[in-house]
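As you go down the protein sequences, you meet chains A and B in turn. Sequential numbering from 1 applies to the first sequence in the UniProt record's numbering. Sequential numbering from 1 applies to the second sequence in the UniProt record's numbering.
Any given hint could be a false lead.
Since the list gives no way to pick one copy over another, a pair counts as held whenever it fits inside one copy or between any two copies.
Below 30 Å or equal to it, Euclidean Cα-Cα: the simulated DSS-like pairs (lysine-lysine) are [unchecked claim]:
no.: 1; residue 1: 484; residue 2: 296
no.: 2; residue 1: 267; residue 2: 296
no.: 3; residue 1: 2; residue 2: 484
no.: 4; residue 1: 267; residue 2: 2
To be clear, the hints were calculated from the coordinates, so they are not data collected in a lab.
2 protein chains.
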Amino acid sequence: MKRYEQFAEQIATLIRQGVLAAGERIPSVRQASRHYGISQSTVFQAYYLLENRGLIAARERSGYFVLENARVLEHARVLENARALEHARGPEHAQRQENEPQDGAAHTVPTQVAVSELVFSVLESLQDTSTVPFGSAFPSAELFPLSRLAASMTRALRAMSPQSIGADMTSGHPDLRRQIALRYRLGGMQPELNELVITNGAMEALSLALQCVTEPGDLVAIEAPTFYASLQLLERLNLRAVEIPVDPDRGLDIDVLAERLARLPIKACWLMSHLHNPVGVSLDETRKQQLYRLLKQHQVALLEDDAYAELYFGDTPPRPIKAFDDDGLVMHCGSFSKCLAPGYRVGWVSGGRFAAAIERLKLMTSISPSLPAQAAIADYLQHGGLDRHLRRLRQRLEQQQGLMLAAAQQYFPAETRVTRPEGGYFLWFEFPARVDSLSLFRQAMSAGVSLAPGPIFSATGDFRHCARLNYGHLWTERSERAMKTLGQLMTANSGGV
Amino acid sequence: MKRYEQFAEQIATLIRQGVLAAGERIPSVRQASRHYGISQSTVFQAYYLLENRGLIAARERSGYFVLENARVLEHARVLENARALEHARGPEHAQRQENEPQDGAAHTVPTQVAVSELVFSVLESLQDTSTVPFGSAFPSAELFPLSRLAASMTRALRAMSPQSIGADMTSGHPDLRRQIALRYRLGGMQPELNELVITNGAMEALSLALQCVTEPGDLVAIEAPTFYASLQLLERLNLRAVEIPVDPDRGLDIDVLAERLARLPIKACWLMSHLHNPVGVSLDETRKQQLYRLLKQHQVALLEDDAYAELYFGDTPPRPIKAFDDDGLVMHCGSFSKCLAPGYRVGWVSGGRFAAAIERLKLMTSISPSLPAQAAIADYLQHGGLDRHLRRLRQRLEQQQGLMLAAAQQYFPAETRVTRPEGGYFLWFEFPARVDSLSLFRQAMSAGVSLAPGPIFSATGDFRHCARLNYGHLWTERSERAMKTLGQLMTANSGGV
């Protein structure tokens with residue numbers, strides 16, 4: 001890459017990251033030359049390139065400005081590049097998976113950098129509120145009892161004593177801890193109170209728990225597909241992913257996991273046993289027990305992400321793998337973000353034998369999640385209302401799932417396959433082989449509809465014909481039209497986009 | 001170490017960490033033998049050892065129980081061991097500092113594990129509310145307008161729209177961002193709005209910022225003494241500390257820093273330019289500029305911890321080093337925890353050229369700090385009252401500083417030296433050489449008074465005759481008596497504890 005191309009890339013990155021916003025002036029040729037220590041002609045060449053790419057424009061006598069659509073264009077380009085990369089290594093890659101090398105090394109060193117870029121591009125493009133949010137990771141906040149929570153907050157802050165703030169920051173709000181322990185007991189589990197660490201949402205719980213059981217370079221077994229945050233976290237902590245396939249009907253392939261555990265020095269396993277993101281599948285109890293025995297046999301710690309624990313459609317709450325943990329190996333992570341209080345950022349981990357280490361790491365990293373949020377949720381849980389709210393929420397999500405499934409059947413290509421999860425707010429689609437979900441994403445975004453393309457859920461760029469769609473927002477005419485648009489895009493591109 | 005000693009150590013650690021609490025039953029000899037795969041006689045020997053140490057006791061026919069004082073005893077033992085370790089390497093260590101090796105390696109690989117244990121022991125012992133909290137890191141929450149904040153919270157939650165929750169989680173509450181930017185402008189600074197990343201307190205800001213500019217193994221210049229959290233964080237991220245001395249009157253020794261920067265591949269510098277913790281000193285503007293030029297010349301990123309920005313006693317707010325940053329090198333970290341809203345956990349970093357990277361890392365680590373807390377603080381800032389509150393707070397802290405200084409003069413040994421910071425809520429004492437602050441800490445804790453012993457502020461176990469005392473709590477008869485107690489302990493131990 002030549003110097004002017006490098007410099008153009010730097011500016012493009014700033015645009016993609018939103019550091020240089022639409023309408024903003026970029027440094028003049030002279031300023032840039034001085035600031036970056038490059039010649040004026042290099043800067044000029046770089047700006048010429050960026051103009052040609054449609055990212056910036058010169059205005060007479062006032063310099064260069066970022067154009068309105070620059071950011072979207074840059075996202076699209078990153079996606080295209082990632083796709084090109086996949087195409088380039090497509091055939092060998094597929095073959096490599098079939099005839100896996102004996103040491104498993106090639107398969108366990110995934111191309112994570114591209115994934116993280118992809119994920120951020122997708123996340124950033126979702127921020128436009130005029131887009132139909134099928135690609136969102138969150139259910140609509142309108143589904144939650146925000147005004148009742150606000151009343152709880154008012155009451156809780158009145159009761160909060162200044163003297164208790166110090167101690168509560170170290171160990172979490174005591175009423176909240178008790179309420180969480182109580183819900184475990186309702187589910188037939190008896191975790192020790194001192195196993196609970198309150199965190200800034202489940203994300204922080206997962207991040208701390210993973211750090212407590214791994215060192216840089218370690219292998220971690222994750223699902224394929226998987227929640228993209230796990231890929232980003234592994235990348236950041238210099239951990240290597242061993243991908244274990246998830247079957248849409250039965251969940252994680254335990255035989256493959258057993259084989260990998262026997263062969264590779266895996267340090268931890270990270271999975272969702274219930275309402276898996278993105279596939280939506282849950283393990284049945286027999287498989288959960290089987291899985292636990294396997295991990296216990298190898299003394300491998302389990303990071304059980306159970307953020308959707310309360311979003312089941314059936315009559316009885318499924319038990320997590322944690323319910324079978326008689327050896328303190330399971331770190332069970334939960335959250336109120338998806339079932340009660342979005343934006344409050346309160347989660348927890350029931351950390352088993354790692355709880356004390358997780359609490360210490362939390363103190364070193366962020367000290368404590370917000371106390372008013374903890375106190376408000378504790379008050380809400382104490383004064384009842386949660387179960388009634390959850391019943392309504394589940395009913396509503398189940399209805400919305402039905403509406404999205406019906407629309408998919410009506411508008412999507414006939415060969416499309418889809419899961420029918422027993423809860424949550426995601427559907428996982430497998431489109432006909434001619435549909436490339438990254439292309440579809442790009443085209444759909446231009447048409448005002450988002451979706452989560454399959455490759456962001458994999459360290460190896462798989463699931464190119466798949467996508468996750470969110471039905472956790474109120475179903476309206478607009479949703480219906482958006483489904484139709486997606487269907488049309490897939491049909492129009494039947495030649496292979 | 002024999003097997004039974006190892007096992008005893010495991011149980012003692014659980015007691016120290018509070019996993020096994022006072023009064024709790026520990027596993028029976030038979031259970032422990034089965035669970036840990038060791039012989040019953042090994043377990044028995046271990047329990048016998050723990051009984052002799054005064055940690056557990058057998059009750060007839062009901063097994064072994066943790067004794068009331070076990071945890072405190074264990075803390076004391078850890079402290080003693082750390083002290084013994086220092087004694088053991090004392091002379092060579094001191095000499096090593098004088099005749100420093102050319103490559104600086106020995107001096108830049110500190111014994112951090114012991115420090116972290118020490119810090120946690122001290123922090124845990126502070127949780128007892130019956131103790132006079134001179135060792136605390138926080139000012140009393142009673143100094144803050146908690147009920148006014150609660151009113152702001154109620155108003156803010158009423159105004160919060162469910163639709164905005166998603167976007168606000170990514171980029172922070174927009175009103176809060178604007179208010180923070182406004183306060184920078186009042187101080188004559190013009191940071192770009194998109195340089196601001198809202199975080200879960202200053203601690204998360206510092207943790208994210210440090211990770212964005214370093215890789216494991218890198219060298220980071222820190223102050224000696226320094227805020228202990230920086231030592232813990234460096235330890236956790238496998239970074240190596242290069243300690244730069246802080247002079248109680250003039251602050252960081254810039255000449256030493258210049259020499260180190262010239263000689264060592266230092267990747268970042270972490271410091272407090274204003275009301276340094278624990279010493280209390282501030283750099284004057286000339287030194288701040290000098291320091292900035294030096295860092296800019298070496299293109300070394302600066303992590304400027306400015307958590308006490310608002311706690312100055314003078315008439316005009318001191319400007320941070322960030323005010324001189326024309327190259328985006330300074331990551332300026334602030335917080336509302338120490339000046340307005342303890343326990344709300346809202347801080348920020350004005351991240352310069354690293355802002356976009358910090359924001360991404362935040363999304364991967366904890367997604368977002370609590371939105372209700374952000375909204376409440378934004379409302380409070382908008383509806384005025386902050387400046388009046390701050391004036392009262394500063395006045396009160398200044399009075400309390402005077403009271404503690406007077407008490408120290410009355411009760412502490414005559415040779416004691418003390419700083420007189422122009423703000424904040426800490427005094428840094430240097431006691432006569434015969435006083436060992438770890439011993440003093442242990443004895444003071446038994447007498448119901450806490451303090452922060454010098455060695456927890458150093459990677460190399462220095463400052464053994466120093467201690468930090470907190471005057472940020474209401475000054476009462478009890479405080480007065482506690483100062484007297486400390487003075488008596490130091491006199492009683494004049495033989496050298």
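Item checked: Status of residue 2 relative to residue 267 across identical chains (alpha carbons, at most 30 Å) -> between (42 Å within a copy, 27 Å between copies)
Next item on the list: Since the copies are identical, ignore which copy is meant and state whether residue 267 and residue 296 lie within 30 Å (CA to CA) inside a copy, between copies, both or neither.
Entry: Intra 12 Å, inter 42 Å, cutoff 30 Å: intra-copy only.
Note to self: At most 30 Å between alpha carbons: which applies to residue 484 and residue 296, within, between, both or neither?
What the structure shows: neither (48 Å within a copy, 56 Å between copies)
Next item on the list: Please work out whether the CA atoms of residue 2 and residue 484 approach to 30 Å or closer within one copy, between two copies, in both situations, or in neither?
Entry: neither (45 Å within a copy, 71 Å between copies)
When the structure is compared with the earlier hints, violations turn up for hints 1 and 3 and for no others.
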